[in-house]
Amino acid sequence: MAKFRGAIVVDTERCKGCSVCITACPCGVIELAKEVNGKGYNYAFMANPDKCIGCASCGITCPDGVIKVYKKAIE
Amino acid sequence: MAEITLQDIIQPENLVYEKSKLLTEKPFHYCPGCGHGTVHRIIAEVLEELGIDEQTIGVSPVGCAVMAYDYFDVDFVEAAHGRAPACASGIKRVWPNKIVFSYQGDGDLAAIGTCETIHTCNRGENITMIFVNNGIYGMTGGQMAPTTLVGMKTATTPYGRMPQWPDGTPNNGFPLQITNLISQLPGTRYVTRQAVYTPAAVRNAKKAIKKAFQNQMENKNGVNFVEIVSNCNSNWKMTAVDANKWLQENMLPVYPLGDIKDNFELIKK
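Note that the protein sequences, when read in sequence, are chains A and B.
Just so you know, this note's numbering puts 9 at position 9 of the first sequence, and the rest follows in order with no gaps.
Just so you know, this note's numbering puts 184 at position 184 of the second sequence, and the rest follows in order with no gaps.
Simulated from the structure, these hints should not be mistaken for laboratory data.
In this text, a Cβ means the ideal position worked out from N, Cα and C, and glycines have one as well.
Be aware that a few hints might be false.
[Stated by the list, open to error] Short, incomplete list of chain B residues facing chain A, as computed with Cβ under 8 angstroms:
id, residue
1, Leu6
2, Val16
3, Tyr17
4, Tyr30
5, Arg41
6, Val202
[To be verified] Some chain B residues judged to face chain A by a derived CB distance under 7 angstroms, without partners named:
id, residue
7, Ile4
8, Ile9
9, Ile10
10, Asn14
11, Leu15
12, Glu18
13, Lys19
14, Pro27
15, Phe28
16, Gly33
17, Thr38
18, Pro199
19, Ala240
20, Val241
Using the sequences and the accompanying hints, generate a full structural model.
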């Protein structure tokens, strides 16, 4: 089992739904939502929160810097 | 073992990554998936980590990044088309203790500004130049740039870029590898080519940009030049993910990544 648990928080109003974070994620955590934000983009969200390890790959590839990444060690 | 909820993880002490505070709250106007946003972000992170935001002056180009001054919380000057290196040279000579960087695209640096680029590099001004190469004129609607690949379809080469006619007479010319060109000049200290299409590439690009700023902070003479191979998914007419894949398959063989020159010495490959 993973020694770290992670979570992301997406600023949904600024997300442009480019899907770059989805291909960057090594664990298949992120998907695009069926709903759209105020600009009409399908924003990214954490579809499989249990798989996230907090590696921040999504955050460092996001062109708009909308993803905050949290990481916690589990005992 | 107690179950960990998302609320336990999403706490300020567990934060490992967020957007740099040197970027303003204004959303980028770039297309979804554009590499410009990533490059802006890593420049802001580097300036924040080095603690030089108060003494940095940026020079923004004409092109897609023309409004870069709206996004960075540092001092900025807007230069005429292609003249960012000349403008940055002047600022650096007047204020030698400031950190000056120029940020340009390929239509700006490699086409109309070739003269300024080459002479700034030849004079060996102590500035940092960031060059975002996506092989096309993005802002004006996808016309052919000097860096456009052979056979690439653009608005002005609808049948693909053809360097020569079949009988050998010149036509559109060949892709201009301006980074290799200026690495031959004695005035350039650090010349490198990076990309931002995967997390690993972004990390390498950030290291290169950090080194380019550190060289300038240590008052080492010579131009620090960082080329970033980027995408233009709107004008390549692809999705952002396909554009990154296309970049890897087609751009990188023509523009191979890695350091070209370090400490005034060409790196042999």
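Hint check:
1. Hint status for Leu6/B relative to chain A: holds, with the closest Cβ pair at about 5 angstroms, below 8 angstroms.
2. Interface restraint check for Val16/B: the shortest CB-CB distance to chain A comes to about 5 angstroms, inside 8 angstroms, so the restraint holds.
3. Interface restraint check: Tyr17/B against chain A, minimum CB-CB distance 4 angstroms, threshold 8 angstroms, status holds.
4. About 7 angstroms separates the beta-carbon of Tyr30/B from the nearest beta-carbon of chain A, less than 8 angstroms, and the hint is met.
5. Look at Arg41/B: its Cβ gets to within about 5 angstroms of chain A, closer than 8 angstroms, so that hint holds up.
6. Against a cut-off of 8 angstroms between C-beta atoms, the interface hint on Val202/B holds, since the closest Cβ of chain A lies about 5 angstroms away.
7. The beta carbon of Ile4/B comes within 6 angstroms of a beta carbon in chain A, closer than 7 angstroms, and the hint placing it at the interface holds.
8. Nearest Cβ of chain A to the Cβ of Ile9/B: about 4 angstroms, under the 7 angstroms cut. The hint holds.
9. Satisfaction of the interface hint for Ile10/B is found here, the shortest Cβ-Cβ separation to chain A being roughly 5 angstroms, below the 7 angstroms cut-off.
10. The beta carbon of Asn14/B comes within 4 angstroms of a beta carbon in chain A, closer than 7 angstroms, and the hint placing it at the interface holds.
11. The interface hint given for Leu15/B is met, as the beta carbon of that residue sits about 6 angstroms from the closest beta carbon of chain A, less than 7 angstroms.
12. A distance limit of 7 angstroms between C-beta atoms decides the matter here; for Glu18/B the minimum to chain A is near 5 angstroms, and the interface restraint holds.
13. Given hint, Lys19/B at the interface with chain A, holds; its Cβ is 3 angstroms from that chain's nearest Cβ, closer than 7 angstroms.
14. Satisfaction of the interface hint for Pro27/B is found here, the shortest Cβ-Cβ separation to chain A being roughly 5 angstroms, below the 7 angstroms cut-off.
15. The restraint placing Phe28/B at the interface with chain A holds, with a minimum CB-CB distance near 6 angstroms, inside the 7 angstroms limit.
16. Checking Gly33/B against chain A by beta carbon gives a least distance of about 3 angstroms; that is within 7 angstroms, so the hint holds.
17. Hint status for Thr38/B relative to chain A: holds, with the closest Cβ pair at about 5 angstroms, below 7 angstroms.
18. Interface restraint check: Pro199/B against chain A, minimum CB-CB distance 4 angstroms, threshold 7 angstroms, status holds.
19. With its C-beta approaching chain A no nearer than about 4 angstroms, Ala240/B sits inside the 7 angstroms limit, and its interface hint holds.
20. Given hint, Val241/B at the interface with chain A, holds; its Cβ is 5 angstroms from that chain's nearest Cβ, closer than 7 angstroms.
Checked against the numbered hints above, the structure breaks none of them.
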